[in-house]
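Asks: Could you put the whole structure together from the sequences, leaning on the hints where they help?
These protein sequence lines are chains A and B, in that order. Taking the numbering used here, the leading residue of the first sequence gets 172, the next gets one more, and so forth. Taking the numbering used here, the leading residue of the second sequence gets -4, the next gets one more, and so forth.
The hints are simulated quantities; they were obtained by calculation from the structure and are not laboratory data. Misleading hints may appear alongside valid ones.
Straight-line C-alpha distance at most 25 Å; calculated SDA-like pairs for lysine to any residue [unchecked claim]:
(1) A:K345 to A:S438
(2) B:K622 to B:R577
(3) A:K224 to B:S130
(4) B:K1075 to A:A457
(5) A:K173 to B:F567
(6) B:K1116 to B:L1104
(7) A:K345 to B:F567
(8) A:K345 to B:L1040
(9) B:K1076 to A:D426
(10) B:K610 to B:S633
(11) B:K1076 to A:E459
(12) A:K345 to B:Q1012
(13) B:K1091 to A:Y178
(14) A:K173 to B:K610
(15) B:K355 to B:S334
(16) B:K1082 to A:K245
(17) A:K173 to B:S130
(18) A:K245 to B:S565
Label pairs and their calculated CB-CB ranges [unchecked claim]:
(19) A:A460 to B:E33: 53 to 61 Å
(20) A:E446 to B:I122: 38 to 46 Å
(21) A:D216 to B:E155: 31 to 39 Å
(22) B:I122 to A:T188: 57 to 65 Å
Every residue gets a Cβ at the ideal spot worked out from N, C-alpha and C, and that includes glycine.
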Amino acid sequence: MKISTTYLYDRAVNQMTTSQSNLAKSQAQLSSGKNILRPSDAPEDAVGIQRLKSVIARQESFEQAIQTTETRLKTEETALDGVSALLTRLKELAIQASNDTYGPKDREIIAIEMQGLQEDLLSFANTRDSNGAYLFSGSRVFTPPFARQPDGEVVYQGDETINLVEVGDQRQVKANRTGTQVFDRVVRTNPDGTQFGVSFFQSVQDMVDAVRSSDRNFINRGIAEITSLSDSVSLSIARVGSDMNVVSGQRAVLDETRLQLQTVLSSIEDLDYTEAVTKMQKQMLALEASQASFAQISRLSLFEYIR
Amino acid sequence: MADLVSIAGSAVAAYQRALGTVANNIANVDSAGYSRQEAGLIENAPRSYGTSYLGTGVNVTGIKRLYDAFIENSLRNANTELGTQDSLVNYANRVVDIMGNEEVGLLSAFDQFFDSARQLATDSSSIILRSQFISKAEALASRFQGLNTQLNLVAQETAEALKSETDSLNSLSEQLALVNAQLGKTKLIERQPPAIMDQRDEILRQMAALAKIQVQERSNGQVTVSIGASSSRGEIVSGDVFRPVTAVMSESSVGKVDLVINAASPRAEAVFGFSGGSISGLMNFRSQLLEPSFIGLDNLAKTLAIEANAIHREGIDLEGRNGLDLFRIDPQFSMVSNSGDTNVRYSASVLDIATYSSNKLRLDYRANAGQINNVVLMGQFKVGEQITVNLNGAEKRLTISGALTTGPDAGTNLVDGALIDLDEVQAQLRTFLEGGNGSSVGGVFGLQINVEDGTGTDLLVTSDLLGAFNLKVTSGSEGGRIDEIMTRGQWTLTDTVTGATTSGTKSVALNGLQIDLSGEARDGEILFLNIANSPSAGLRVAVDDPSRVAAAARFRVIENQFNPSKVSASLFETPEDFSADRGLWLDSMVGDAPDFDRLDNNILESEAVRFSGPKATPIAIVPAGYKDTTLYLGDIGSQPLNLQIMTRDGRHLLGQNFAPSADRIEEEKERLGVSSLSPDQMAVLYKEAGEDFLLQAKLAGVSFAGGSSYSRQYLNTAGDESYRAMDLFYGVKAAVQEIPQLTIDHVYGRIDRIPASITSGPIGAITGELGDTIYAEGDLTFNGVPMGELKIFNDGGVARLQVTRTNDLGESFPEFLPVDGPAAALTAVGGIYTISADQLVQYFSAHTYDPDTSMPAVYASGGAWADLPRSLGTTITAAPLSGGGATLTFDRTIDTRPEALVADSEIRIGLGTAGRTTQLAALGFRTGVYLAGEVKEDLLVFANGLAGSPFKLGATFTEGDRDAVESLRVEPFEVIFTSPTAFTIRDVLTKTVVAERIYDERSGVLYRGVTLRLNTQPAAGDRFLVDGNQDGIGNNGTALRLAELQNKRVVATGSYTLAEAYGNLVGDVGNAAFQAGISKKALEVVKDQAVQARDKVSGVSLDQEAADLIRFQQAYQASAKVMQTSTVLFDAILGIR
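Replies: What follows is the structure, given as structure tokens:
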């Protein structure tokens, strides 16, 4: 078959251009360390990479949420520890006051201290976080959860909203406890057997009043109630603790997930250097071969021999 | 000898030419389009010598151009195919690289936006996080804009490429025409100069790369070139004439590009079925890849805006306000007026993103046309009066006559001169307007209709209530007056793509877009509005104040602080789904369902639903939000049939007590040891029967709320005790009619009120024997007063009608009728006494208060007459009918006292607890259920009774929609546990007990779209208030929902998430590019082969030429030698001496 001179030259040029552009691409891959230089090189993989990155970004965003939640839980824990200590002190004082050896004067002094402790309890109940939002008022974060009315009664002003925070795909944790959960009611029984609830602060106030008026029955009832209140605060502390456990467990899960995803991502996105270098060697060889062969072939002309 | 010389001479000459040809070949080894040439050598005709022939040498027949038409054609095709793929691949890769880029593409922006929503949820009151959320939303919107801009650049670039390629094609056409002209000088293709033929083929090859061309060659080598599917059309070069091709881009769609030949001339020709070549590749790219990318991107922007807005609007911001739209779409227009400069100013906004389209719009202004915002019919019109209606130049005179067509008394004939009010006028007009005399839009009632204004210009007349028409009263009327408010200057907005139109005077709305116009327009002015940006380019964040980010949920629960248990509650929105019984909603009950004919707001009795008999399942459902609904029973015959209205919680609101069986009554009597049961004892049985009914209905699959129970606490109650303060009534009712104020922007100070009035149909035979009770006490109620017993009393052998009235202490006072005159005696026919219409009037009158005679209805305690304003001023009259029988008419004056209630001016004939619908039917009335105002929750309508024969149900209503969730925000409810396993739900505002249910801890408390869940077992006395979250700014419910949108499948009817949809978009373009790339490689091989095939024939190989050179040189030298030899021979002969 006849090969025209133009065709011979054109083809040789084409082949060398192709080899050179392959080589340039390999070189760019090597210098960037990426398998896919432009999305158009492998559209499916490029989209896949972005999806993976999106999932990884979501895991990172969950970690941020975990960070915030942990900070909040720690603040709650601190406040609750304070409340617990105060309740213990209150109980000690009440037991002291129930002692027969104390006279009304002594009890008056104890009552004054207890009153002060109640104020401290109130200020713990109205703890704020770093943003100035109240911890225990549900979603009414700018309203102090517990406020003393002119008649001395302490009223809960928050609501029962419990905010959930996403800490993982399909994983939400409670981010707060409401005032009524932490500062629980006590249940008293009427003479007719029916029951009614009494608020946390009212119960404490009732005991202070009982100590002040040396009413032994009410002091004893108060001691029992403080025990129950103390229990429910302890329960809240335990819940905060378990929430923190959940959150840190979730952090471990997220780290693991992220690692796995990173591995998958790397296998698609990152360049296999051994393979790439080998490939480049091969391409260089091919280019050199075609250059050398062209140089040889182009000399083969009949005119060379016509002397 | 001479022969030898001439032979050698011819050979030398021939080989000289052959060598010349070889030299030319070598010279043109690199010339584009050059075809190798060969000198054709042929033996000269031999000369005969006796019996033998002697050769005479060689001759050159011609210089042949080596050429194969078939190969040339396949090379052109290969060029075309490759050109098609080449441009597609280049631009598709551009798009993939733009959209798939991490910094430009949407995926990372989506991630950051949803991430910011998630962070906001961790501390939703934080202004910093809120600001971050807004800035991430803005980043997302600007990413959309950026992508749109990039794609627009590609669109512009391809448009320019198309222009330059068509220009190239045209310039090639022009050259080819010149070549054709050259070729035309010779008749035979063989005589054509090879250089010109080469030029022709080279031009054709270049043209083929640009477009798929059909080439027809004439005998002299001239070619005709055409593009498109048909070879007879689409000629671009023919002889020495060429016709330029122009690519015309559509303004409305990126993908639509038309090729037009001779675009500038009046004989422009569109090219059909064009394919192949780089021009077609560009067109394919625009229609198959670029346009879908734009559409996909726009859809994503719209979906994002719609979904995020829907969630955000359901949220509450930092100041307790309802959330607004989070995203909006800002359209940008370019406006062109048909008259150059225009004074018209406009502003546009997108009202509805879902229907928003960026089609080109056209606005037509007509100064003399206009719109009547308002047609007010004041007062009443008389029967016999004429109203003239002008529609599109056709005039119709309506004479007010005939029968009442609306209301419960439809069908009653009106006497000439009787007053008729607006409803009837409307109904008659409506018939006329619906008869197709109306507008181009089909004359549908209530739409705008064009009306001639007498000067040849259309005049648009519309009214909210009456539809559109031109009205004037032609005969004098005292009460009737027609007022119109007219605004002149009407704009008609047309979608140039779909052809949809709408009209208005200052503001027009179409395609989800509202355009407000101002400034002086000229009559006949036309404005073209081109929407310059598609939705993805117009996407903006509508919230700029961080405190307006609605991160909180709409509801919250508040525990009562004195709750005996330590349970804590949480709240979720869980929309209730009652779609199972959607077919029973009043508006759905139309058409071909086998059970009924029609119930689409029917007015005529003939259109009422026909049922085969009473049912345990609802016969209809009045959905929440419906207004002023009336349901009535028709054709009940003698059936003891009742309508029963219940809520989905088993609250029995209207109807009759469910009857216990006779056996059950006997059993109860025996158990209690009594001969008859007291009302309280009966109530227990009624409740039992109701519970039984509810159970049966639940078993039949009726959608009652889970755990609901039966209650008759609100059965037929009124006033303060009524259910959720709704005005519900069972019986016959007539209300004061107020002439509607139809104004939109024009308010009248006066409201005309027409007193309540009701006329019965022909009354039936009400008969009895001596001693019979016609009506037991309380069978009927009249304006809220239970009516006394009516009895045919045996007064010492004389039959008299006796009514027993009761005072407010419960003491009974029997009296003969009429109570205000001497007692009348009755006469019997065959021992049967018939109660006349006049006697019925007397019976009803005994329960009214007549202001003229000061005759009160009932005795008050202490003997004084009680003043009962609720019966004030009711006049009852009987009118005989011409064909026998009679009707009853009740009229009531309007109670104008300031403290008067609405009911004080109404006429209400109700059924008491033991009354029967047949009793009202005998009085000529249809029993109805009247639900005044808005229905606050779904009401189920049951028909129960003993008989099974058919009856009818009719209805009138105003459709409405009540957002269960939004209404809940203003109507808080309280869940009160009566025991650990049962609770009641109380409407806080009206203190109505709306539900009593069994508590199931698995499903929690589901009420009106919210679910209350408790963490442990509740105790009796626990109370939980659920209200609209007015100040719960620390709530993060909505922020969470926004974050969850990331994983919600919202695109393509729930198939993909936003990010997935975008990924698919990139993937689709990528795949197309990838495939085009593969076929491009394959086609390169094909072209390579075609080039090789051509070169085989037409290419110049230097080796070959070298060989030829040697060959011809040697032949030349040999011939010269022959010549020399002949000289030697000649010399030899000369030398013979």
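Asks: Against each hint, give a clear statement of whether it holds in the structure.
Replies: Hints, one by one, checked against the model:
1. A:K345 to A:S438: 37 Å, violated
2. B:K622 to B:R577: Holds. K622 of chain B to R577 of chain B sits at ~18 Å (cutoff 25 Å).
3. A:K224 to B:S130: Status holds; Cα separation ~21 Å.
4. B:K1075 to A:A457: Holds, at about 23 Å.
5. A:K173 to B:F567: Status violated; Cα separation ~83 Å.
6. B:K1116 to B:L1104: Satisfied, since the Cα-Cα distance of roughly 18 Å is no more than 25 Å.
7. A:K345 to B:F567: 14 Å, holds
8. A:K345 to B:L1040: Judged against 25 Å, a Cα distance of about 20 Å means the pair holds.
9. B:K1076 to A:D426: 45 Å, violated
10. B:K610 to B:S633: Cα-Cα ~17 Å, so holds.
11. B:K1076 to A:E459: 24 Å, holds
12. A:K345 to B:Q1012: 20 Å, holds
13. B:K1091 to A:Y178: 10 Å, holds
14. A:K173 to B:K610: Answer violated: K173 of chain A to K610 of chain B is near 96 Å, above 25 Å.
15. B:K355 to B:S334: 18 Å, holds
16. B:K1082 to A:K245: The hint is violated at about 73 Å.
17. A:K173 to B:S130: Status violated; Cα separation ~69 Å.
18. A:K245 to B:S565: 23 Å, holds
19. A:A460 to B:E33: 53 to 61 Å: Given range 53 to 61 Å: violated, Cβ gap about 37 Å.
20. A:E446 to B:I122: 38 to 46 Å: Violated: the Cβ-Cβ distance is about 52 Å, outside 38 to 46 Å.
21. A:D216 to B:E155: 31 to 39 Å: 32 Å, holds
22. B:I122 to A:T188: 57 to 65 Å: 60 Å, holds
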